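**Q** In the order they appear, the protein sequences are chains A and B. Residue 298 in the numbering used here sits at position 298 of the first sequence, with consecutive numbering throughout. Residue 971 in the numbering used here sits at position 209 of the second sequence, with consecutive numbering throughout.
It is worth saying that the hints were derived from the structure and are not from the lab. Computed from a predicted model, the values in this text were never measured in an experiment. Don't take each hint at face value.
Unchecked claim - Example chain A residues on the side facing chain B (calculated, C-beta under 10 Å, incomplete):
{"hint": "1", "residue": "Pro81"}
{"hint": "2", "residue": "Asn470"}
{"hint": "3", "residue": "Asp521"}
Claimed, not checked - In silico lysine-lysine, DSSO-like type, Cα no more than 27 Å apart, as pairs:
{"hint": "4", "chain 1": "A", "residue 1": "Lys20", "chain 2": "A", "residue 2": "Lys57"}
{"hint": "5", "chain 1": "B", "residue 1": "Lys778", "chain 2": "A", "residue 2": "Lys20"}
{"hint": "6", "chain 1": "B", "residue 1": "Lys1450", "chain 2": "A", "residue 2": "Lys208"}
{"hint": "7", "chain 1": "B", "residue 1": "Lys1153", "chain 2": "A", "residue 2": "Lys22"}
{"hint": "8", "chain 1": "A", "residue 1": "Lys208", "chain 2": "B", "residue 2": "Lys1143"}
{"hint": "9", "chain 1": "A", "residue 1": "Lys631", "chain 2": "A", "residue 2": "Lys442"}
{"hint": "10", "chain 1": "A", "residue 1": "Lys435", "chain 2": "A", "residue 2": "Lys197"}
{"hint": "11", "chain 1": "B", "residue 1": "Lys1512", "chain 2": "A", "residue 2": "Lys86"}
{"hint": "12", "chain 1": "A", "residue 1": "Lys558", "chain 2": "B", "residue 2": "Lys848"}
{"hint": "13", "chain 1": "A", "residue 1": "Lys631", "chain 2": "A", "residue 2": "Lys558"}
{"hint": "14", "chain 1": "B", "residue 1": "Lys1335", "chain 2": "B", "residue 2": "Lys1320"}
{"hint": "15", "chain 1": "B", "residue 1": "Lys782", "chain 2": "A", "residue 2": "Lys208"}
{"hint": "16", "chain 1": "B", "residue 1": "Lys970", "chain 2": "A", "residue 2": "Lys566"}
{"hint": "17", "chain 1": "B", "residue 1": "Lys782", "chain 2": "A", "residue 2": "Lys22"}
{"hint": "18", "chain 1": "B", "residue 1": "Lys1153", "chain 2": "A", "residue 2": "Lys208"}
{"hint": "19", "chain 1": "A", "residue 1": "Lys208", "chain 2": "B", "residue 2": "Lys768"}
{"hint": "20", "chain 1": "A", "residue 1": "Lys180", "chain 2": "A", "residue 2": "Lys539"}
{"hint": "21", "chain 1": "B", "residue 1": "Lys970", "chain 2": "B", "residue 2": "Lys936"}
{"hint": "22", "chain 1": "B", "residue 1": "Lys1143", "chain 2": "B", "residue 2": "Lys1512"}
{"hint": "23", "chain 1": "B", "residue 1": "Lys1335", "chain 2": "A", "residue 2": "Lys208"}
{"hint": "24", "chain 1": "A", "residue 1": "Lys20", "chain 2": "B", "residue 2": "Lys970"}
{"hint": "25", "chain 1": "A", "residue 1": "Lys6", "chain 2": "B", "residue 2": "Lys970"}
{"hint": "26", "chain 1": "B", "residue 1": "Lys1437", "chain 2": "A", "residue 2": "Lys16"}
{"hint": "27", "chain 1": "B", "residue 1": "Lys778", "chain 2": "B", "residue 2": "Lys768"}
{"hint": "28", "chain 1": "B", "residue 1": "Lys1301", "chain 2": "A", "residue 2": "Lys22"}
{"hint": "29", "chain 1": "A", "residue 1": "Lys539", "chain 2": "B", "residue 2": "Lys1335"}
{"hint": "30", "chain 1": "A", "residue 1": "Lys575", "chain 2": "A", "residue 2": "Lys539"}
What the hints assert, rightly or not - Some, not all, of what chain B presents toward chain A, calculated at C-beta under 8 Å:
{"hint": "31", "residue": "His1055"}
{"hint": "32", "residue": "Val1230"}
{"hint": "33", "residue": "His1270"}
{"hint": "34", "residue": "Tyr1353"}
{"hint": "35", "residue": "Glu1359"}
{"hint": "36", "residue": "His1368"}
C-beta: ideal position from N, C-alpha, C; glycine also.
Protein chains: 2
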Amino acid sequence: MNIIGKPLTRVDANEKVTGKAKYTGDLVSPHALIAKVLHSTIANGVVLSFDLEEAWKVPGVVDIVTCFEVPDIQFPTAGHPWSTEKKHQDIADRKLLNTRVRFYGDDIAAVIAEDDIAAAEALRKIKVTYEEYTPVFSVEDAMKPGATTIHEEKPNNVVVHSSYEVGSFDEAIKEEGLIKVEGDYDTPFIQHCHIEKASSFAYMESGKIVVVAATQIPHIVRRICSQALGVGYGDIRIIKPYIGGGFGNRQDALTEPLNAFLTTRVGGRQVRLEYTREETFACTRIRHAMKFHIVSYVRKDGSFAARSIVAYSNQGAYASHAHALVANAVNGFRMMYPVGAIKGEAFTVYTNLPTAGAMRAYGIPQIGFALESHVDDIIAKTGFDPIVFRKQNMMKLGYVDPMTTITCHSTGLSECIDIGEKHLDYTNKRKLYAKQTGPVRKGVGMAIFCYKTGVYPISLETAASRMVLNQDGSLQLQMGATEIGQGADTVFAMMAAETVGLTMDKIHVVSQQDTDITPYDTGAYGSRQTYVSGMAVKKTAEVFRQRLLNFAGFMLHKDPWDLDIKDNFIVHKNKTERLLSVATVAEESCYSLTNSEHISAEESHHCSDNTYSFGVCFVEIEIDIPMCQIKVLDIINVHDSGTIINRQTAEGQVHGGMSMGLGYGLYEHLEFDQKTGRMLNDNMLDYKLMTPMDTPELHVAFVETDDPTGPYGNKSLGEPPTIPVAPAIRNALLNATGVAVNSIPLNPEKLFFASRDAGLIQ
Amino acid sequence: MNIIGKPLTRVDANEKVTGKAKYTGDLVSPHALIAKVLHSTIANGVVLSFDLEEAWKVPGVVDIVTCFEVPDIQFPTAGHPWSTEKKHQDIADRKLLNTRVRFYGDDIAAVIAEDDIAAAEALRKIKVTYEEYTPVFSVEDAMKPGATTIHEEKPNNVVVHSSYEVGSFDEAIKEEGLIKVEGDYDTPFIQHCHIEKASSFAYMESGKIVVVAATQIPHIVRRICSQALGVGYGDIRIIKPYIGGGFGNRQDALTEPLNAFLTTRVGGRQVRLEYTREETFACTRIRHAMKFHIVSYVRKDGSFAARSIVAYSNQGAYASHAHALVANAVNGFRMMYPVGAIKGEAFTVYTNLPTAGAMRAYGIPQIGFALESHVDDIIAKTGFDPIVFRKQNMMKLGYVDPMTTITCHSTGLSECIDIGEKHLDYTNKRKLYAKQTGPVRKGVGMAIFCYKTGVYPISLETAASRMVLNQDGSLQLQMGATEIGQGADTVFAMMAAETVGLTMDKIHVVSQQDTDITPYDTGAYGSRQTYVSGMAVKKTAEVFRQRLLNFAGFMLHKDPWDLDIKDNFIVHKNKTERLLSVATVAEESCYSLTNSEHISAEESHHCSDNTYSFGVCFVEIEIDIPMCQIKVLDIINVHDSGTIINRQTAEGQVHGGMSMGLGYGLYEHLEFDQKTGRMLNDNMLDYKLMTPMDTPELHVAFVETDDPTGPYGNKSLGEPPTIPVAPAIRNALLNATGVAVNSIPLNPEKLFFASRDAGLIQ
């Protein structure tokens, strides 16, 4: 391949570093009205009435909308492909503004004003009378008999309860000589902390409601807005400019449906709705906190005889992605070590906390922490070698998952482990560090993961792409798939260049999606785009290339099937002599007096297969036991993501994921007032996000496999890097101290109690 | 047909009457820099130097660009399809800014400033030193030996001289008993006077130069900007919002190439370049003034034996559309009465006046005035009946033009004449009015025309269209063809609805063109869009419809070829029972778990035929001889434009064209200072444009033919209505007074001299 695999600079690099790239906020009219949302100050109850008298007096107030005036329509918000089958549809459990208040921060009213100050002032002057119920914040409390029902459709607050069993767990554990290992693991609520806050603006044009929004999923947001407002899909138009990160938070309809409604209240005038950082923390989505109970039965030969898991996922106030998350987690539990009998059970439970939704790797960081911690707990108990044990039990080439039918078409996991082991000198150090004493100790840890790519076959995977020939032989590439900072535009451009036979400078990516004209795509999530949307690019490029060759054949009086395109020139297949430039073909195809033809191609791809990517994190830490401080000395992620399309952007993805994984393992968690349910650290000062100062040098390596199902052999890479970091750190801590901490983040507070309980400090 | 032919309200009516429709000026950033052009104050010469010192001192000046700093590239500006053959390419005779000054108003420098006031102030402070040559303003002066050469490529100032002959003129006039009629006719320079002035703004994004412009021809303007700047087509992006009229003036690159260059001077910052009304008059384009000498030889049986024409077209300073205009005129001379030997000769001549370019009906109003005046001169001399004479000699069904091969596939001209005659009681009144005496008299006049549709086969006719299915079963229609106020979006939407089988509310037209993603089309001119681009819509709709039916067939387990779409529902062919809604097909095709497919279609159409439309104007006037005033008492235009797609918008087109024709005949002309060449009436006060107060009730009728070459049977209608009005008025004046005035406008000044020369006033 000529272009695939090269470490090319991002196509949007120049725009972004020079500040020219346009984000939602850059496109707002200076005459836009400003909307602000009034959020509830109770976590559980009902709005009885509003006193708007003082608010209406604020000069500049244009409209005030309360939860009593919105359409009586409940709609879902999750960024899933829609299902035409009722039972597979996302749960529609919220309105544009909610009378029934379900968390501290629920949307109950909105003000539209001429400016920011007037809107804020009016918001402060609205008085609300509530009827208040006892809030429940934990899964345990929410599931207790007598707990307030949060949504009447789910009287016991359990959104979904599901289970599976592979083989017979009860039979399997009857085997003689099994070693039982049992543990509880839990993971915290965290927030995505994308740079750009939740942001949109809306107006009406040509009879349509247009919403310009920082979203990962413009076509899905169009569907959700149409459902929320009760209008046709075609009456809504979503435009997505560059966005400042998403990480799954924007795989949900956030401000868009309400914003779409608000513009209809003011005759289609432009209305801006931008959340503050505090609102973005508390009133968008957060990562599900999950609790797991795992029981394993291991044979003396180091193989699993049986495993079981029970998972509890704290959904918060609204369903959003709901059970899909924990289902993904307990499926991941099965897939990583598909050996012996396996039994899984999962509960997704409403509570009166902010809504949990999608976040990078969608449940797998949670199960990854639980499972890989549990594996090292097994190692600790049995004395097996952690690498040998993992290699013995982990998924192998050809594995077909009995539930999802997803097949392991390629795996380089074993080589990934070897590279990581060698980088860290893990095996030797592990033995060495196990013998330490004293207040400051070192430890090494590792964790592996597998990750399926996209959502097929659990849900629909479909994508489309369009290419238009410019008359100078360059190409416009139009994608429904979205650039969200991950470099999607760059890899799509590379794929187009590779397959058509053009150089990279000839590819112009139309980065902005506009649902009126952009080919359909469900958007950026599930690390699907390079794999799924990439197939649409490849298919479209093949059709486009053939159309170019057909015209070249006509011009050259040659059979187009004997021709090829190389570096912007038409050549004979397998020869290098340049017969004609693509620019000449482009000009002639447009201006031919006998055969003018405007060459373009548009194709959609429907996925009918899936595969797994893999990886490992090895980490070396130093713990200062009295200071309750962990310092990361060395860290490497090694990934099998199939063929690497662009090593430069791929490394960037891994760096970002490792940073998120470090934050997940060491610092980040959301705190709530246990009386009111108010989020306490809803800002960038109190929420401990990784900074460059906290970040060690991040090492990255790839084991490139050539997956037969991926376009160009690639597999998912976007989300996975974040998965194995936290358990690797936790396992390094176990190596250093012998203390198994089963809850993240491993922040000083938690280390203090763990060290104290283990008798390491007094 | 269900929809074609219905008098439907324009799809953009609501947007436009409520002021919501966005024009170029509405889209400018409030932070845009302002550019202004320095125009020469001599008509012929060379810029020797600039003194910019004082101009640079003006606070807010960001850049000053002079004619010494622009790329050394001469480029063409005409909105023609490009030809890859050198000899058919438009004349490249100007630079972005010109050192060699060729008219009073030539572009010689530009200022970019932070605001309007600074730009204007700096402009005033630039001092220019010229070397001045004697300017030439008339064709006669420019062609005189010794006249200054305006462009060195054309030493004698003749841009092109061409001629043709059908049969042998010299042989034909030898016939015995022929009546010879000879006359000179001339037409004035006028201006388009579209409401929105010449206007654009430009910026750089993603490495491209983006120009948002009020243009009729976005794809052509892209090509011209790329030629002018010497960059690839793909490096330029043109966006065309709604525009406030064009009438041919915007069938030329106007401010766009310079504006594209200016943004590159300021690092891609947005630069706004909007002309004042005065600049729009003098520095964009005007209608060619033409002079014609016509000689006819008529047999006593009322048939033409031979005719000849010599035409002189005053091109002004730059080639623009140049000879194409007068060639169209002398071709029209041949086609209208294709009888006997015909000989034509045409000169297009550079002068030191503003550049003449395209204007509604492209040379045909000029020849229409000359030819139909000449016919009534024949009538006056011979006593033939004007209707009988015209019907005897005019083009008949099946006519194939010997030069262009354009065939008369349909004609309703004879019926058009009959309707007009009856409306006015023309024949009776004509006889009656011929006998008048006294100071106030009445007169009736008529004139016919034929008009070929678009530019095939003289040039390329090609168009493309794209349709995208929304998931609610509505359709996005994307056209390269442009809405310029004429109602194009409405007729395209009707065509799409008709052919796909949807109701009008299901068609969403993407009105804005963006050359990055819009299907290719050369744009709005030559009344081509309904005919040429309409074929692209029809073809695309047929493909789109079949794709919908294919999916419906899959859903219904039926042969798609047995199915049809009627009023948004899938039905059996020739049955009415609704099997499935298109909305259901749309939703399922998108979300199908087994066969998801994103239905769209994109097709291009290459014209390989052409046809003629026809029409007639009948008018009754009253002339107050001493007051030198003509009042129009009654006027009707009757058109054969094939099938009328939308009677409401069609009538609107005819009304507008008649109003322009009235202005052309009665009031409008541009005056120039005969020493400096400065345009004297370059504003809406001194230029006498028709107002509602001047406009009589405008009657319109159609004779609908079903042209076999047009999509849905239609033929051109956009430009034609303006053609026959001026000669009809002139002929009515002849009827009223016996005075043949061979020059328009028939304003009081001209009427005074004509009446005095005829002895009607002293």
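**Q** What hint numbers does the structure not satisfy?
**A** 4, 5, 6, 7, 8, 10, 11, 13, 18, 20, 21, 23, 26, 28, 29, 31
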